[in-house]
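Enquirer: Join these two chains into a complex; the hints should help.
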Amino acid sequence: MGELHTKKERRPFMLISLMTGLTMLGTFKYYDFFADSTNKLLAAMNMEYMLPIAHLILPLGISFYTFQTLSYTFDVYKGKSAPEKKLGIFALYVMFFPQLVAGPIERASHLISQFHFDYKFDREKMTSGLRLILLGLFKKVVIADQLGIMVASVFNHPDGAHSVSIYIACLLFAQQVYCDFSGYTDIARGSARLLGIELMENFQLPFFSRSINVMWTKWHISLMSWFRDYIMFPLIRKGWSWPAVFGLIFLVSGIWHGANWTFVVWGLYNGIFVIYSKSTEKFREGIFDKLGIHKNNLIRQWFQFFMVFHIFAFGSVFFRARTLSDSWTFIKGLFTDVGGTISLIIHNPGNVRQDILYLGKDSISFYLIIGFVIMLELFQWQLRKNSLDKFMNGLQIVPRFTIYLVAVISIILMSNISETPFIYFQF
Amino acid sequence: MKKNNLVKYFIFVLVLILVDQCIGTAISYFAQKQIRDNRIGLLIEGKIKSDICILGSSRALNNYNPGILVDSLKKSCYNFGLSGSNILYHEALIELLIKSANKPSVLIYSVDDHATFFDLQHIVFRKDAMLPYVYDETVNGIICKQLKKAEYATRFSKTYRENVNLINALKFPVYGQEVLDYKTNSIDSLGANLLVQRDIDPKAEFRVNKWRLDKLKINVAYWSAFRRIQEKCKASNIRIVFVLPPIYNNGYPGFKTILDKAILNDSPVIDYTYAFNDADLFFNTDHLNSKGAALFTNLLVKDLKKLGF
Numbered sequence: 083m084g085e086l087h088t089k090k091e092r093r094p095f096m097l098i099s100l101m102t103g104l105t106m107l108g109t110f111k112y113y114d115f116f117a118d119s120t121n122k123l124l125a126a127m128n129m130e131y132m133l134p135i136a137h138l139i140l141p142l143g144i145s146f147y148t149f150q151t152l153s154y155t156f157d158v159y160k161g162k163s164a165p166e167k168k169l170g171i172f173a174l175y176v177m178f179f180p181q182l183v184a185g186p187i188e189r190a191s192h193l194i195s196q197f198h199f200d201y202k203f204d205r206e207k208m209t210s211g212l213r214l215i216l217l218g219l220f221k222k223v224v225i226a227d228q229l230g231i232m233v234a235s236v237f238n239h240p241d242g243a244h245s246v247s248i249y250i251a252c253l254l255f256a257q258q259v260y261c262d263f264s265g266y267t268d269i270a271r272g273s274a275r276l277l278g279i280e281l282m283e284n285f286q287l288p289f290f291s292r293s294i295n296v297m298w299t300k301w302h303i304s305l306m307s308w309f310r311d312y313i314m315f316p317l318i319r320k321g322w323s324w325p326a327v328f329g330l331i332f333l334v335s336g337i338w339h340g341a342n343w344t345f346v347v348w349g350l351y352n353g354i355f356v357i358y359s360k361s362t363e364k365f366r367e368g369i370f371d372k373l374g375i376h377k378n379n380l381i382r383q384w385f386q387f388f389m390v391f392h393i394f395a396f397g398s399v400f401f402r403a404r405t406l407s408d409s410w411t412f413i414k415g416l417f418t419d420v421g422g423t424i425s426l427i428i429h430n431p432g433n434v435r436q437d438i439l440y441l442g443k444d445s446i447s448f449y450l451i452i453g454f455v456i457m458l459e460l461f462q463w464q465l466r467k468n469s470l471d472k473f474m475n476g477l478q479i480v481p482r483f484t485i486y487l488v489a490v491i492s493i494i495l496m497s498n499i500s501e502t503p504f505i506y507f508q509f
Numbered sequence: 116m117k118k119n120n121l122v123k124y125f126i127f128v129l130v131l132i133l134v135d136q137c138i139g140t141a142i143s144y145f146a147q148k149q150i151r152d153n154r155i156g157l158l159i160e161g162k163i164k165s166d167i168c169i170l171g172s173s174r175a176l177n178n179y180n181p182g183i184l185v186d187s188l189k190k191s192c193y194n195f196g197l198s199g200s201n202i203l204y205h206e207a208l209i210e211l212l213i214k215s216a217n218k219p220s221v222l223i224y225s226v227d228d229h230a231t232f233f234d235l236q237h238i239v240f241r242k243d244a245m246l247p248y249v250y251d252e253t254v255n256g257i258i259c260k261q262l263k264k265a266e267y268a269t270r271f272s273k274t275y276r277e278n279v280n281l282i283n284a285l286k287f288p289v290y291g292q293e294v295l296d297y298k299t300n301s302i303d304s305l306g307a308n309l310l311v312q313r314d315i316d317p318k319a320e321f322r323v324n325k326w327r328l329d330k331l332k333i334n335v336a337y338w339s340a341f342r343r344i345q346e347k348c349k350a351s352n353i354r355i356v357f358v359l360p361p362i363y364n365n366g367y368p369g370f371k372t373i374l375d376k377a378i379l380n381d382s383p384v385i386d387y388t389y390a391f392n393d394a395d396l397f398f399n400t401d402h403l404n405s406k407g408a409a410l411f412t413n414l415l416v417k418d419l420k421k422l423g424f
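Residue numbers (this note's numbering), protein chains in the order written: chain P, 83 to 509; chain F, 116 to 424.
Please note: incorrect hints may appear among the correct ones.
[Said to hold, decoys possible] Cβ-to-Cβ under 10 Å is the rule here; a few derived chain F residues that face chain P: (1) LEU131; (2) LEU281; (3) TYR290.
Derived from the structure by calculation, the hints contain no laboratory data. Treat the numbers as computed from the prediction; the structure is a model and nothing was measured. Glycine included, C-beta positions come from ideal geometry on N, C-alpha and C.
Looking at chain F on its own, in the form it has when it is part of the complex (with noise of 0.2 Å):
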């Protein structure tokens, strides 16, 4: 090959990786520039202290006040709980907070019993509320396993990584951040998102649960997850405790005996399932208002204290 071939052809692969890195650096602050919901992002730049931490679905979300929890237990602690995040997602946010630079030392896990061990389909791995930290190489690995895409070739080409953001990251010039919903991404410097009151949407009416559990088929795949999130807590020094929080006049008979099957070295399970009955509590039949919440946090707060943490 002659000389100036091969000067041509570094020069356009110099090019290529100035471009690469220029286009994939822009998608990833647009994108982190779009959403509203950043508590990822400052878990991984390790701005997050935190001796108690909190994880679930919505129902962690929007049940738990971290603000009593702080003031009775004399502890800091943040909300990660994620509107429609499955076991799944829940085991990826695990690694990420073992990984992050301040460890919390207890775990609140808010199981939903109705979803923690089967499939729902609003219930999923919240995928798109970590696309933006793909940066981060822990992100970026549960990411690539999700997508199946090559982890390898993250690593030289910033665009491959960052092509899954393209979207959102084209969303923010055209439409701005996203919109602020009260219901999902509407969080507080404690990461909880409380609801006034009761919810304005017509359809979401005080419901009675047609879950028939012992119709359902356990996902042996969030089974297993339940079992290593036990294992990666204990390995790290982390102490978990298992919260089934309030539903308004409701509850799933039977579930409690399958989550005491999936529960390794005795971990501590609280049961409020039954704890509430006044409608007043309730922002609808999965969640609690803030007025709930703070009566609920209240009581988790004393049967800590009994459990000693």
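So that you can see chain P by itself, here it is in the shape it has in the complex (with noise of 0.2 Å):
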């Protein structure tokens, strides 16, 4: 494609690239879920034909490295980047084993040109990289896996599950997955930066947002920036309306996660608040300046990161339930007899308390793990006006070193369970 001058004429190459790519996607990933709805369309039609489910292993990372080959393609197509002639570099790119299971996509004209540096060791590059990893692993140990185990109990018998027990469990699993997504990203982050690589970011306090569509553009920032680049910026060039395109773009996003209708819905789910969001953004905050309430008003801005991050929570209804008829078993079951759950919580009859309201857990486990989000979140707070390293570099010695020694304690302290996968490794 590099030697070919117009884009008519490198079009064939990229629409052959583009299938190929999409095509080992969709038979590895969406093959036995395309072929197991259409039995059941058939089979609800009356119509007995059957196609074969494959029960094809699903090749590690395939969803992320297709699509960041992908935009190499595009990149190349379009004439953004110069096609990378040495198989290795490009072989590299593709398989760079800090963010070849789950990201952050790169793109080519960010990544591949840092193959091509000589490298000299950075004592600077070493500190900021080995405490990026410290930070995700503190995410990841301390938090994400905690949380995992009481969210599971909720989440894993849709049918026992009580009102309060499923709404914890949703605000939990909301910050589950951001702590393991984005703890692997910072621990991908951290070990590319020990080898001289930069890769983007991945997440910018999402949960500190002040509506659904901005939180959106700091959570996943490699696959939404792709959508944004490849998909939204093209489409609304032909003339489609932001609407339809964002309902598009969150409707792929839901599948790009994973061959389930629970995906799909989720999407959806996200789709449409981040429409609605958008749309109605100046009469909201039209409500609150009648009221007298300026933006930079705190009430205000937390009023507005307690409604993201509940918008957002109650998605994992759909993202966790194994099924959708988990999920609608979830939804009513949020609804369902709150008054006598609360009663219970309050009289404990049986020690039901623990099983309600720790998910599982005692209660020293539960405040203990608590503690920590508190923990996590109030220094994520200290970073939404700072990089880590501008800030950590900005403290004394004693406060510095003492952040690290209470990461690594925390780290040592809270891994006393069996390893837990990450979330975003199964995609």
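Expert: What follows is the structure, encoded as structure tokens:
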């Protein structure tokens, strides 16, 4: 493609590359889902035809590197990037180990150019990389893995879940998936930085967003910006309306996450809220202004953070539940006998409080984990205006090393359960 | 790397080691304070000197009166039975007994016919009973294997080794010591927990067991553990006797045949399953009360004497 001068000449090659990538992804990830759904549809219409289920093993990180290679193809097609002539460098771009399994989904223009540098040991980069790894491990081991057990105790038993348990599990799952995924990203970015490679940021404190559409610009940035650059902009240039484009992007985002109707609905759920949020932004902001609550007012800020977090968290009934039927059970359960459940928590007959409120943990364990979550959020609040490096370098040596010490000891202390795989490894 | 940076990192590592040791020690201290049943601790410290050891689940803990064995056989005796423990736990405990300073010469293994080879939800590897003693290398090895922890890392970091006890350690300053339960951890000086009269729990009425052993699937791990126990005891010169304690008006037809197939080295098996029919001797279906335990232990003494123990 690089030797051809016009887009028209390059287009067939781009299409071959696009079809190859999407066929691989479609076959491995979506074929069984398609076959199963088709069979169910045909059965519902009393048609006796069965597409075979292939039970293919999903190649590691296929969703991530397919999108990464597609971005390379598009950039070369558009003339934004020169084609890489060394196979080894291109292979490294596709399979660079820190981000192979769960991203960030890198662009060729950003990553490939870095593989052509000569490397020298850089103490600053090493320190910064180790810091990121430490933060990532803290998020994963101290918070995500601990919350995972509690969340599973509710989401693995849809029929027995109480309203309050579902509510808490939704909130905790949002925190779990954030710490799990952003923790992985921090470890990946830190590992790459140790080797002198800079990977893009994937999260920018998404829960400190004042609207859901802003949150989605800070969550899984590498994927959302991929959609923005390769789907949204081209479609808007073709005259699509922005709500249709957003709806499509979130639908595709849901399907990208997994071959299950739950992810499709999760994508649509978020799409609807983003469209609503974007279209009513002025109206909603106007209400605050009329009430005399200024934009920088802390109550207004935290109310908006609260709303964004809750909207995102309730989407987890689709993301975390195994089937749509389970999701529906959770939604119904969320509003069933709330008073009775609260009464059970207050009177605690047969120690039911442990199951309902503490999600299977004892109270000390529950509050300890919540304490760690608060500790992380307070730390992240400090990072909202500074990068991690700037913040840490701005500290005196004693507080700086105290933070390191607390993080290391917390990781050692909380690594008392068996290994839990990263959530996004399944995608 | 500059010299002052090296010094900085060295001091950090030093402080880290110090803090790690302090936290690990504190967790260990509080975790041990929190629990009631300290029999494993006494065993590790070499404070239990017994020629005869009794091992098994709650039916070992509640059914055998070690005092009678001491008086009748003129040998020291200690009960290591633990409620809800399975054969894998018993195997681990035998490992501790073999490595202890005062290894027993006789082991009375109380067989739980319905649980010895089969999976039952409430009969498990009671790692919680061993966790407070992870400071001991043997216990630590067992726990690391169970929890898939990196054993080599436990040698470097005391906090990592003790982190399994974190919550119990925190419980001690908040709630104090574990609550004494008359059924499970009201342990006497010889390790037993003899029960008084009848179970006060209304749910624990005398029932007819509905287990159909032929319908259950043998757990291969349990079967292998049973055979390993015998091999380990033989290798350590510990004579082992298998005892099936009484059950009220019940029994598990066919179990004895299964058990016989698992016995190696002609170890004796004494079956008291149908020995008692008087409800006054039972606490509930599977457990004797102190009166029943005394009668049963006396019967056992006679048979042990006949066998030359």
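Enquirer: All hints, please: hold or fail.
Expert: Against the structure, the hints come out as follows:
1. LEU131: holds, 6 Å
2. LEU281: The hint holds - LEU281 (chain F) has a Cβ within 10 Å of chain P, the shortest such distance being about 6 Å.
3. TYR290: OK, holds: TYR290 (chain F) within 10 Å of chain P, min 8 Å.
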